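Can you make the complete structure from the sequences, with help from the hints?
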Amino acid sequence: MPFDLARVPEVPLDGLLRRAAAAAPDRVAVRTPTGTTTYAELDGRADDCARSLSRAAGGSGTAVGLVASLDPSFAVAYYGAVRADHVVVLINPHLRGDALAHVLSVAGTTVVVAPPEFAERVAQVRGKLPHLRDVLSPDVLVQGRAGPGGRGRDAPGSAPHLDSVACVQFTSGTTGEPKAVQLTHRNLVVNAAQIASVHGLDGDAVTLNNLPLYHPMHLNAAVYAGATQVLCPSPDPAEAIEAANRHRATHYYSLPVRLAHLAADPRLPGLRLETVRAVFSGGSALLPAQARTLGTHFGIPVVQGYGLAETSPLTHGEPPARPRPGSVGPEVPGTECRVVDMDRRTPLPAGRDGEIQVRGPQLMRGYLGAAGPAVDADGWFSTGDIGHRDQDGYLYLVDRIKDVFKYENWLVSPTEIEQVLITHPAVRDCAVVDHPEPFSGAVAHAFVVLDEDAALPGPAELAAHVNDQVPYYQQIKYLDVVERVPRSPNGKILRRELRARAAHTDRADRLHPGAAGRPHSDLIGENP
40 MPFDLARVPE VPLDGLLRRA AAAAPDRVAV RTPTGTTTYA ELDGRADDCA
90 RSLSRAAGGS GTAVGLVASL DPSFAVAYYG AVRADHVVVL INPHLRGDAL
140 AHVLSVAGTT VVVAPPEFAE RVAQVRGKLP HLRDVLSPDV LVQGRAGPGG
190 RGRDAPGSAP HLDSVACVQF TSGTTGEPKA VQLTHRNLVV NAAQIASVHG
240 LDGDAVTLNN LPLYHPMHLN AAVYAGATQV LCPSPDPAEA IEAANRHRAT
290 HYYSLPVRLA HLAADPRLPG LRLETVRAVF SGGSALLPAQ ARTLGTHFGI
340 PVVQGYGLAE TSPLTHGEPP ARPRPGSVGP EVPGTECRVV DMDRRTPLPA
390 GRDGEIQVRG PQLMRGYLGA AGPAVDADGW FSTGDIGHRD QDGYLYLVDR
440 IKDVFKYENW LVSPTEIEQV LITHPAVRDC AVVDHPEPFS GAVAHAFVVL
490 DEDAALPGPA ELAAHVNDQV PYYQQIKYLD VVERVPRSPN GKILRRELRA
540 RAAHTDRADR LHPGAAGRPH SDLIGENP
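So for the sequence shown, my numbering puts the first residue at 40; every next one is plus one.
Derived by calculation from the structure, the hints in this document are not laboratory data.
Take the hints with a grain of salt, since some may be wrong.
To be verified - Mimicking DSS-like on lysine-lysine, the simulated pairs with C-alpha atoms at most 25 Å apart in a straight line are:
#, residue 1, residue 2
1, 167, 218
2, 445, 531
3, 218, 531
4, 441, 218
5, 441, 531
As the list claims (entries may be wrong) - Restraint-style ranges between C-beta atoms, simulated for each label pair:
#, residue 1, residue 2, range
6, 360, 166, 50 to 60 Å
7, 494, 405, 46 to 56 Å
8, 462, 527, 23 to 33 Å
9, 358, 166, 48 to 58 Å
10, 492, 241, 35 to 45 Å
11, 338, 372, 26 to 36 Å
From a predicted model like this one, the values you see are computed outputs, not experimental measurements.
Each residue gets a CB set at the ideal place from its N, CA and C atoms; glycine is no exception.
Spelled out as C-alpha coordinates, the structure:
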(Lines of atoms letter the chains of each structure in order from A; the text may use other names.)
(Lines give C-alpha, C1' and ligand atoms only; values in the text may rest on other atoms or scores of the structure.)
Protein backbone atom coordinates (compact mmCIF):
# COMPACT_ATOMS: atom_id res chain seq x y z
CA MET A 40 0.00 0.00 0.00
CA PRO A 41 1.45 3.46 -0.94
CA PHE A 42 2.44 5.69 1.96
CA ASP A 43 -0.34 8.02 3.11
CA LEU A 44 0.59 10.66 5.67
CA ALA A 45 -3.04 10.87 6.74
CA ARG A 46 -2.91 7.23 7.84
CA VAL A 47 -0.04 7.74 10.29
CA PRO A 48 -1.53 7.20 13.77
CA GLU A 49 -2.13 10.33 15.85
CA VAL A 50 -0.39 8.99 18.94
CA PRO A 51 2.50 10.15 21.11
CA LEU A 52 5.81 8.37 20.67
CA ASP A 53 5.22 5.77 23.37
CA GLY A 54 1.85 5.07 21.76
CA LEU A 55 3.73 3.17 19.05
CA LEU A 56 4.83 0.67 21.69
CA ARG A 57 1.34 0.46 23.22
CA ARG A 58 -0.08 -0.15 19.76
CA ALA A 59 2.44 -2.89 18.92
CA ALA A 60 1.89 -4.62 22.28
CA ALA A 61 -1.88 -4.63 21.77
CA ALA A 62 -1.57 -6.04 18.24
CA ALA A 63 0.98 -8.80 18.99
CA PRO A 64 1.74 -9.05 22.73
CA ASP A 65 3.74 -12.28 22.46
CA ARG A 66 5.86 -11.27 19.48
CA VAL A 67 9.54 -10.77 20.28
CA ALA A 68 10.35 -7.07 20.26
CA VAL A 69 14.06 -7.23 21.13
CA ARG A 70 16.45 -10.15 20.97
CA THR A 71 19.99 -10.15 22.41
CA PRO A 72 22.62 -12.87 22.94
CA THR A 73 21.30 -13.28 26.50
CA GLY A 74 17.54 -13.38 25.96
CA THR A 75 14.36 -11.97 24.45
CA THR A 76 11.77 -9.35 25.37
CA THR A 77 8.23 -9.54 23.97
CA TYR A 78 6.19 -6.48 23.09
CA ALA A 79 3.94 -7.05 26.11
CA GLU A 80 6.98 -7.26 28.39
CA LEU A 81 8.59 -4.16 26.87
CA ASP A 82 5.34 -2.21 27.23
CA GLY A 83 4.89 -3.31 30.85
CA ARG A 84 8.46 -2.40 31.76
CA ALA A 85 8.00 1.00 30.13
CA ASP A 86 4.98 1.50 32.42
CA ASP A 87 7.10 0.61 35.46
CA CYS A 88 9.83 2.97 34.30
CA ALA A 89 7.32 5.79 33.74
CA ARG A 90 6.02 5.42 37.30
CA SER A 91 9.54 5.46 38.73
CA LEU A 92 10.58 8.48 36.69
CA SER A 93 7.43 10.38 37.65
CA ARG A 94 8.51 10.05 41.28
CA ALA A 95 12.23 10.64 40.70
CA ALA A 96 12.28 13.31 38.00
CA GLY A 97 9.21 15.38 38.81
CA GLY A 98 6.54 16.78 36.52
CA SER A 99 6.00 17.03 32.78
CA GLY A 100 8.75 18.37 30.58
CA THR A 101 11.63 17.37 32.85
CA ALA A 102 14.81 16.58 30.90
CA VAL A 103 15.93 12.98 31.47
CA GLY A 104 19.30 11.92 30.06
CA LEU A 105 19.58 8.42 28.58
CA VAL A 106 22.79 6.73 27.47
CA ALA A 107 22.09 5.27 24.02
CA SER A 108 23.60 1.82 24.59
CA LEU A 109 22.59 -1.10 22.37
CA ASP A 110 20.62 -2.83 25.10
CA PRO A 111 16.90 -3.47 25.81
CA SER A 112 17.14 -1.31 28.95
CA PHE A 113 17.56 1.73 26.69
CA ALA A 114 14.28 0.96 24.90
CA VAL A 115 12.51 0.57 28.26
CA ALA A 116 13.84 3.87 29.62
CA TYR A 117 13.26 5.69 26.31
CA TYR A 118 9.57 4.83 26.05
CA GLY A 119 9.10 5.03 29.83
CA ALA A 120 10.45 8.58 29.94
CA VAL A 121 8.20 9.88 27.16
CA ARG A 122 5.24 7.99 28.66
CA ALA A 123 5.81 9.99 31.85
CA ASP A 124 5.78 13.14 29.67
CA HIS A 125 9.46 13.83 30.20
CA VAL A 126 11.91 14.96 27.51
CA VAL A 127 14.53 12.36 26.61
CA VAL A 128 18.06 13.76 26.23
CA LEU A 129 20.04 11.29 24.14
CA ILE A 130 23.62 10.86 25.39
CA ASN A 131 26.38 9.44 23.24
CA PRO A 132 28.00 6.64 25.30
CA HIS A 133 31.46 7.78 24.17
CA LEU A 134 31.17 11.26 25.75
CA ARG A 135 33.19 12.25 28.78
CA GLY A 136 34.58 15.36 30.46
CA ASP A 137 33.66 18.78 29.09
CA ALA A 138 31.83 17.31 26.08
CA LEU A 139 29.53 15.36 28.40
CA ALA A 140 29.02 18.37 30.65
CA HIS A 141 28.09 20.50 27.60
CA VAL A 142 25.34 18.11 26.51
CA LEU A 143 23.83 17.71 29.97
CA SER A 144 24.06 21.42 30.76
CA VAL A 145 22.58 22.77 27.51
CA ALA A 146 19.62 20.40 27.80
CA GLY A 147 19.03 21.30 31.46
CA THR A 148 19.16 17.62 32.38
CA THR A 149 17.63 16.89 35.80
CA VAL A 150 18.02 13.11 35.96
CA VAL A 151 20.43 10.80 34.12
CA VAL A 152 19.69 7.11 33.59
CA ALA A 153 23.02 5.34 33.13
CA PRO A 154 24.86 2.10 33.91
CA PRO A 155 27.47 2.28 36.71
CA GLU A 156 30.50 2.75 34.45
CA PHE A 157 28.89 5.80 32.79
CA ALA A 158 27.54 7.14 36.08
CA GLU A 159 31.18 7.55 37.17
CA ARG A 160 31.78 9.91 34.23
CA VAL A 161 28.74 11.97 35.19
CA ALA A 162 30.02 12.17 38.77
CA GLN A 163 33.31 13.64 37.51
CA VAL A 164 31.52 16.65 35.94
CA ARG A 165 28.66 17.02 38.40
CA GLY A 166 30.06 20.28 39.73
CA LYS A 167 29.32 21.84 36.32
CA LEU A 168 25.68 20.66 36.31
CA PRO A 169 23.54 22.78 38.66
CA HIS A 170 20.27 21.29 37.36
CA LEU A 171 21.25 17.65 37.87
CA ARG A 172 19.46 16.02 40.82
CA ASP A 173 20.12 12.32 40.46
CA VAL A 174 21.78 9.54 38.46
CA LEU A 175 19.70 6.36 38.32
CA SER A 176 20.42 2.80 37.25
CA PRO A 177 18.17 1.41 34.47
CA ASP A 178 17.56 -1.70 36.59
CA VAL A 179 16.30 0.34 39.53
CA LEU A 180 13.85 2.20 37.29
CA VAL A 181 12.33 -0.93 35.81
CA GLN A 182 11.93 -2.48 39.25
CA GLY A 183 10.17 0.64 40.50
CA ARG A 184 12.58 1.54 43.31
CA ALA A 185 13.63 5.05 42.31
CA GLY A 186 14.19 7.29 45.29
CA PRO A 187 12.06 10.28 46.27
CA GLY A 188 12.23 13.26 44.00
CA GLY A 189 9.40 15.43 42.77
CA ARG A 190 5.78 14.77 43.58
CA GLY A 191 4.97 13.26 40.21
CA ARG A 192 2.20 10.86 39.37
CA ASP A 193 2.24 7.36 40.83
CA ALA A 194 1.30 5.99 37.41
CA PRO A 195 1.56 7.18 33.84
CA GLY A 196 -1.08 9.83 33.28
CA SER A 197 -2.56 11.56 30.26
CA ALA A 198 -0.75 11.36 26.94
CA PRO A 199 1.66 14.17 25.99
CA HIS A 200 0.64 16.65 23.30
CA LEU A 201 1.84 15.49 19.88
CA ASP A 202 3.61 18.78 19.19
CA SER A 203 5.42 18.87 22.53
CA VAL A 204 9.11 17.97 22.64
CA ALA A 205 9.74 14.25 23.13
CA CYS A 206 13.47 14.14 22.60
CA VAL A 207 16.58 16.31 22.47
CA GLN A 208 19.22 14.92 20.17
CA PHE A 209 22.58 16.60 19.65
CA THR A 210 24.22 17.06 16.28
CA SER A 211 27.48 15.19 15.74
CA GLY A 212 29.63 18.26 16.33
CA THR A 213 32.08 17.30 13.58
CA THR A 214 32.31 20.93 12.40
CA GLY A 215 31.57 22.82 15.61
CA GLU A 216 30.03 22.53 19.05
CA PRO A 217 27.07 20.11 19.05
CA LYS A 218 23.64 21.76 18.76
CA ALA A 219 20.64 20.57 20.78
CA VAL A 220 17.86 19.54 18.39
CA GLN A 221 14.28 19.47 19.71
CA LEU A 222 12.18 16.69 18.18
CA THR A 223 8.45 16.43 18.86
CA HIS A 224 6.31 13.32 19.28
CA ARG A 225 4.82 14.04 15.85
CA ASN A 226 8.26 14.38 14.23
CA LEU A 227 9.39 11.00 15.51
CA VAL A 228 6.16 9.09 14.85
CA VAL A 229 5.93 10.37 11.28
CA ASN A 230 9.56 9.53 10.57
CA ALA A 231 9.10 6.04 12.00
CA ALA A 232 6.26 5.55 9.52
CA GLN A 233 8.33 6.97 6.65
CA ILE A 234 11.26 4.64 7.40
CA ALA A 235 9.03 1.59 7.77
CA SER A 236 7.46 2.39 4.40
CA VAL A 237 10.74 2.87 2.50
CA HIS A 238 12.50 -0.10 4.12
CA GLY A 239 9.54 -2.45 3.83
CA LEU A 240 9.20 -3.14 7.56
CA ASP A 241 6.19 -5.05 8.88
CA GLY A 242 5.32 -7.51 11.62
CA ASP A 243 7.18 -10.31 9.86
CA ALA A 244 10.42 -8.32 9.58
CA VAL A 245 13.48 -9.12 11.69
CA THR A 246 16.07 -6.33 11.79
CA LEU A 247 19.72 -7.01 12.59
CA ASN A 248 21.10 -3.87 14.26
CA ASN A 249 24.88 -4.16 13.88
CA LEU A 250 25.53 -0.75 15.39
CA PRO A 251 27.70 0.68 18.19
CA LEU A 252 24.74 2.40 19.88
CA TYR A 253 20.95 2.35 19.94
CA HIS A 254 19.67 4.95 17.50
CA PRO A 255 15.99 5.89 17.94
CA MET A 256 15.61 5.74 14.15
CA HIS A 257 15.95 1.96 14.16
CA LEU A 258 14.05 1.51 17.42
CA ASN A 259 11.05 3.67 16.48
CA ALA A 260 10.70 2.31 12.94
CA ALA A 261 10.79 -1.31 14.12
CA VAL A 262 8.27 -0.66 16.90
CA TYR A 263 6.01 1.23 14.47
CA ALA A 264 6.00 -1.85 12.23
CA GLY A 265 5.78 -4.35 15.09
CA ALA A 266 9.02 -5.94 13.86
CA THR A 267 11.60 -7.91 15.85
CA GLN A 268 14.99 -6.32 16.51
CA VAL A 269 18.18 -8.33 16.95
CA LEU A 270 20.88 -6.32 18.74
CA CYS A 271 24.45 -7.12 17.69
CA PRO A 272 27.05 -4.51 18.71
CA SER A 273 30.07 -6.62 17.65
CA PRO A 274 32.29 -4.87 15.08
CA ASP A 275 33.34 -8.28 13.69
CA PRO A 276 31.37 -8.76 10.44
CA ALA A 277 31.51 -12.55 10.70
CA GLU A 278 29.78 -12.41 14.09
CA ALA A 279 27.12 -10.06 12.76
CA ILE A 280 26.43 -12.28 9.75
CA GLU A 281 26.25 -15.36 11.98
CA ALA A 282 23.68 -13.56 14.17
CA ALA A 283 21.68 -12.52 11.12
CA ASN A 284 21.53 -16.11 9.88
CA ARG A 285 20.81 -17.61 13.31
CA HIS A 286 17.85 -15.30 13.90
CA ARG A 287 16.69 -15.28 10.26
CA ALA A 288 17.04 -11.51 9.88
CA THR A 289 15.35 -9.86 6.92
CA HIS A 290 16.97 -6.41 7.22
CA TYR A 291 20.65 -5.76 8.04
CA TYR A 292 21.57 -2.31 9.44
CA SER A 293 25.22 -1.27 9.78
CA LEU A 294 27.64 1.62 9.52
CA PRO A 295 29.57 2.41 6.33
CA VAL A 296 32.90 1.94 8.11
CA ARG A 297 31.90 -1.59 9.15
CA LEU A 298 30.58 -2.45 5.70
CA ALA A 299 33.77 -1.08 4.13
CA HIS A 300 35.81 -3.43 6.33
CA LEU A 301 33.49 -6.30 5.40
CA ALA A 302 33.99 -5.59 1.68
CA ALA A 303 37.77 -5.90 2.17
CA ASP A 304 37.65 -8.81 4.64
CA PRO A 305 39.52 -11.90 3.36
CA ARG A 306 36.77 -14.04 4.93
CA LEU A 307 34.09 -12.52 2.68
CA PRO A 308 34.10 -15.34 0.07
CA GLY A 309 33.05 -17.80 2.78
CA LEU A 310 30.25 -15.65 4.25
CA ARG A 311 26.58 -15.89 3.26
CA LEU A 312 23.42 -14.04 4.23
CA GLU A 313 20.63 -16.60 4.13
CA THR A 314 17.43 -14.62 4.76
CA VAL A 315 18.44 -10.93 4.57
CA ARG A 316 16.61 -9.04 1.81
CA ALA A 317 18.73 -5.86 1.88
CA VAL A 318 21.65 -4.25 3.69
CA PHE A 319 21.08 -0.67 4.86
CA SER A 320 23.94 1.79 5.40
CA GLY A 321 23.79 5.29 6.83
CA GLY A 322 25.55 7.89 8.96
CA SER A 323 28.32 8.62 6.44
CA ALA A 324 29.20 7.64 2.88
CA LEU A 325 29.72 4.09 1.64
CA LEU A 326 31.74 4.05 -1.58
CA PRO A 327 29.84 2.75 -4.63
CA ALA A 328 32.58 0.17 -5.26
CA GLN A 329 32.17 -1.20 -1.74
CA ALA A 330 28.39 -1.37 -2.10
CA ARG A 331 28.78 -3.19 -5.43
CA THR A 332 31.27 -5.66 -3.93
CA LEU A 333 28.88 -6.60 -1.13
CA GLY A 334 25.78 -6.54 -3.31
CA THR A 335 27.35 -8.80 -5.92
CA HIS A 336 28.68 -11.24 -3.32
CA PHE A 337 25.49 -11.55 -1.27
CA GLY A 338 23.12 -11.18 -4.21
CA ILE A 339 21.00 -8.53 -2.46
CA PRO A 340 20.77 -4.72 -2.59
CA VAL A 341 23.16 -2.68 -0.44
CA VAL A 342 21.49 0.71 -0.10
CA GLN A 343 22.13 4.02 1.60
CA GLY A 344 20.05 6.71 3.22
CA TYR A 345 20.51 10.31 4.23
CA GLY A 346 19.28 12.43 7.08
CA LEU A 347 20.24 14.68 9.94
CA ALA A 348 19.54 15.01 13.64
CA GLU A 349 17.30 17.93 12.67
CA THR A 350 15.05 15.68 10.55
CA SER A 351 14.33 12.88 13.03
CA PRO A 352 16.60 11.77 11.13
CA LEU A 353 15.74 10.29 7.70
CA THR A 354 14.89 12.42 4.64
CA HIS A 355 16.11 10.14 1.82
CA GLY A 356 16.31 6.41 1.30
CA GLU A 357 17.52 4.33 -1.61
CA PRO A 358 14.70 1.88 -2.47
CA PRO A 359 15.98 -1.73 -2.25
CA ALA A 360 14.02 -2.56 -5.40
CA ARG A 361 15.61 0.32 -7.37
CA PRO A 362 19.14 0.93 -6.02
CA ARG A 363 21.56 3.34 -7.68
CA PRO A 364 25.11 2.99 -6.31
CA GLY A 365 26.47 6.35 -5.21
CA SER A 366 23.03 7.75 -4.48
CA VAL A 367 21.18 8.05 -1.16
CA GLY A 368 17.88 7.70 -2.99
CA PRO A 369 14.88 9.99 -3.44
CA GLU A 370 13.20 11.75 -0.53
CA VAL A 371 11.08 9.58 1.77
CA PRO A 372 7.28 9.96 1.40
CA GLY A 373 5.88 13.25 2.63
CA THR A 374 9.23 15.04 2.28
CA GLU A 375 10.32 17.74 -0.17
CA CYS A 376 13.89 18.34 -1.33
CA ARG A 377 15.59 20.88 -3.56
CA VAL A 378 19.14 21.95 -4.39
CA VAL A 379 19.88 25.68 -4.38
CA ASP A 380 22.67 27.93 -5.58
CA MET A 381 24.92 28.63 -2.60
CA ASP A 382 25.09 32.37 -3.33
CA ARG A 383 21.76 33.32 -4.93
CA ARG A 384 19.73 30.68 -3.00
CA THR A 385 17.67 29.90 -6.11
CA PRO A 386 16.70 26.31 -7.06
CA LEU A 387 19.06 24.49 -9.43
CA PRO A 388 18.14 21.98 -12.15
CA ALA A 389 19.01 18.28 -12.07
CA GLY A 390 22.73 17.55 -12.25
CA ARG A 391 23.89 20.86 -10.76
CA ASP A 392 25.71 20.90 -7.41
CA GLY A 393 24.41 23.19 -4.69
CA GLU A 394 23.23 23.20 -1.09
CA ILE A 395 20.59 20.62 -0.22
CA GLN A 396 17.41 21.94 1.40
CA VAL A 397 14.56 19.85 2.83
CA ARG A 398 11.18 20.34 4.45
CA GLY A 399 8.58 17.96 5.81
CA PRO A 400 6.68 16.84 8.91
CA GLN A 401 9.80 15.24 10.41
CA LEU A 402 11.63 18.59 10.56
CA MET A 403 12.54 19.56 14.12
CA ARG A 404 10.75 22.11 16.26
CA GLY A 405 14.00 24.07 16.54
CA TYR A 406 17.33 24.27 18.35
CA LEU A 407 17.46 24.54 22.12
CA GLY A 408 19.26 27.70 23.14
CA ALA A 409 20.80 30.36 20.93
CA ALA A 410 21.75 28.23 17.94
CA GLY A 411 20.28 30.44 15.24
CA PRO A 412 17.19 30.14 13.01
CA ALA A 413 16.27 26.66 11.81
CA VAL A 414 14.31 27.32 8.62
CA ASP A 415 13.61 30.08 6.12
CA ALA A 416 10.27 31.85 5.69
CA ASP A 417 8.98 29.07 3.41
CA GLY A 418 9.88 26.27 5.80
CA TRP A 419 13.04 25.07 4.00
CA PHE A 420 15.88 23.77 6.16
CA SER A 421 19.40 24.27 4.80
CA THR A 422 21.36 21.10 5.53
CA GLY A 423 24.89 22.41 5.06
CA ASP A 424 25.53 19.59 2.57
CA ILE A 425 26.44 19.94 -1.10
CA GLY A 426 24.94 17.60 -3.66
CA HIS A 427 22.78 17.24 -6.74
CA ARG A 428 19.71 15.35 -7.89
CA ASP A 429 19.27 13.35 -11.06
CA GLN A 430 16.25 13.52 -13.37
CA ASP A 431 14.40 10.97 -11.22
CA GLY A 432 14.97 12.81 -7.96
CA TYR A 433 17.71 10.55 -6.60
CA LEU A 434 20.09 12.57 -4.43
CA TYR A 435 23.90 12.39 -4.68
CA LEU A 436 26.02 13.87 -1.90
CA VAL A 437 29.29 15.67 -2.61
CA ASP A 438 30.49 17.07 0.72
CA ARG A 439 29.76 19.27 3.72
CA ILE A 440 29.92 22.97 2.93
CA LYS A 441 32.18 23.49 5.95
CA ASP A 442 34.58 20.81 4.71
CA VAL A 443 34.97 22.17 1.18
CA PHE A 444 37.88 24.59 0.74
CA LYS A 445 39.34 26.78 -1.99
CA TYR A 446 42.65 26.31 -3.77
CA GLU A 447 43.22 29.52 -5.73
CA ASN A 448 39.65 30.00 -7.03
CA TRP A 449 38.74 26.30 -7.27
CA LEU A 450 36.41 24.55 -4.85
CA VAL A 451 38.00 21.35 -3.50
CA SER A 452 35.93 18.49 -2.07
CA PRO A 453 37.86 16.32 0.44
CA THR A 454 35.41 13.47 -0.12
CA GLU A 455 36.19 13.32 -3.85
CA ILE A 456 39.91 13.03 -3.08
CA GLU A 457 39.26 10.35 -0.45
CA GLN A 458 37.27 8.30 -2.95
CA VAL A 459 40.35 8.11 -5.19
CA LEU A 460 42.84 7.58 -2.38
CA ILE A 461 40.93 4.64 -0.88
CA THR A 462 41.29 2.73 -4.16
CA HIS A 463 45.02 2.23 -3.55
CA PRO A 464 45.41 -1.42 -2.51
CA ALA A 465 47.52 -0.52 0.53
CA VAL A 466 45.03 2.02 1.95
CA ARG A 467 42.60 0.77 4.57
CA ASP A 468 41.15 4.13 5.62
CA CYS A 469 41.83 7.77 4.85
CA ALA A 470 40.74 11.35 5.35
CA VAL A 471 41.58 14.66 3.69
CA VAL A 472 41.48 18.16 5.18
CA ASP A 473 42.51 21.62 4.11
CA HIS A 474 46.04 22.76 4.93
CA PRO A 475 46.26 26.58 4.86
CA GLU A 476 48.92 28.15 2.63
CA PRO A 477 49.65 31.86 2.31
CA PHE A 478 49.18 32.37 -1.44
CA SER A 479 46.86 29.63 -2.73
CA GLY A 480 44.40 29.56 0.18
CA ALA A 481 44.66 25.89 1.12
CA VAL A 482 45.94 22.58 -0.24
CA ALA A 483 44.93 18.97 0.38
CA HIS A 484 46.46 17.24 3.39
CA ALA A 485 45.80 13.48 3.51
CA PHE A 486 45.88 11.14 6.49
CA VAL A 487 46.17 7.46 5.62
CA VAL A 488 45.77 4.19 7.51
CA LEU A 489 47.66 1.39 5.76
CA ASP A 490 46.55 -2.21 5.44
CA GLU A 491 48.76 -4.37 7.64
CA ASP A 492 49.03 -7.10 5.01
CA ALA A 493 49.96 -4.83 2.10
CA ALA A 494 53.38 -3.80 0.84
CA LEU A 495 54.10 -0.47 2.49
CA PRO A 496 54.33 2.39 -0.01
CA GLY A 497 55.86 5.75 0.82
CA PRO A 498 53.92 9.02 1.05
CA ALA A 499 55.05 10.10 -2.41
CA GLU A 500 53.70 6.92 -4.03
CA LEU A 501 50.36 7.26 -2.25
CA ALA A 502 50.01 10.90 -3.23
CA ALA A 503 50.96 10.16 -6.84
CA HIS A 504 48.19 7.52 -6.98
CA VAL A 505 45.71 10.35 -6.45
CA ASN A 506 47.51 13.17 -8.18
CA ASP A 507 47.75 11.30 -11.47
CA GLN A 508 43.95 11.05 -11.56
CA VAL A 509 42.65 14.43 -10.35
CA PRO A 510 42.84 18.08 -11.44
CA TYR A 511 45.81 20.04 -10.15
CA TYR A 512 43.74 21.90 -7.56
CA GLN A 513 42.69 18.60 -5.92
CA GLN A 514 46.20 17.17 -5.70
CA ILE A 515 47.59 16.07 -2.33
CA LYS A 516 50.48 18.22 -1.09
CA TYR A 517 50.86 16.75 2.42
CA LEU A 518 50.38 13.15 3.49
CA ASP A 519 50.74 11.50 6.90
CA VAL A 520 50.48 7.80 7.68
CA VAL A 521 48.50 7.35 10.91
CA GLU A 522 47.26 4.47 13.04
CA ARG A 523 43.63 5.52 12.78
CA VAL A 524 41.34 8.16 11.34
CA PRO A 525 39.35 9.81 14.16
CA ARG A 526 35.63 9.20 13.67
CA SER A 527 32.40 9.79 15.54
CA PRO A 528 30.37 6.74 16.68
CA ASN A 529 28.35 6.84 13.45
CA GLY A 530 31.48 6.83 11.30
CA LYS A 531 31.81 10.51 10.41
CA ILE A 532 35.37 11.81 10.11
CA LEU A 533 36.32 14.23 12.88
CA ARG A 534 38.06 16.70 10.60
CA ARG A 535 38.60 19.26 13.34
CA GLU A 536 41.09 16.92 15.03
CA LEU A 537 42.93 16.38 11.77
CA ARG A 538 43.01 20.10 10.97
CA ALA A 539 44.61 20.73 14.35
CA ARG A 540 47.29 18.17 13.53
CA ALA A 541 47.77 19.58 10.02
CA ALA A 542 48.30 23.05 11.47
CA HIS A 543 51.42 21.80 13.25
CA THR A 544 52.96 20.31 10.11
CA ASP A 545 56.07 22.14 8.93
CA ARG A 546 56.13 23.43 5.35
CA ALA A 547 59.35 21.46 4.92
CA ASP A 548 57.17 18.34 5.01
CA ARG A 549 55.39 19.40 1.82
CA LEU A 550 55.67 16.64 -0.78
CA HIS A 551 58.31 17.18 -3.43
CA PRO A 552 57.19 17.85 -7.03
CA GLY A 553 57.69 14.21 -8.00
CA ALA A 554 54.58 13.33 -6.02
CA ALA A 555 52.54 16.07 -7.59
CA GLY A 556 51.21 14.02 -10.48
CA ARG A 557 51.07 15.02 -14.11
CA PRO A 558 49.78 18.42 -15.23
CA HIS A 559 46.24 18.50 -16.59
CA SER A 560 46.35 19.91 -20.07
CA ASP A 561 42.67 20.80 -19.96
CA LEU A 562 43.28 23.32 -17.18
CA ILE A 563 45.00 26.66 -17.57
CA GLY A 564 47.66 27.54 -15.04
CA GLU A 565 50.79 26.23 -13.46
CA ASN A 566 50.73 22.83 -11.78
CA PRO A 567 52.24 23.68 -8.36
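Against the structure, test the hints numbered earlier, and report the numbers of the ones violated in rising order. As far as the earlier hints go, not one is violated by this structure.
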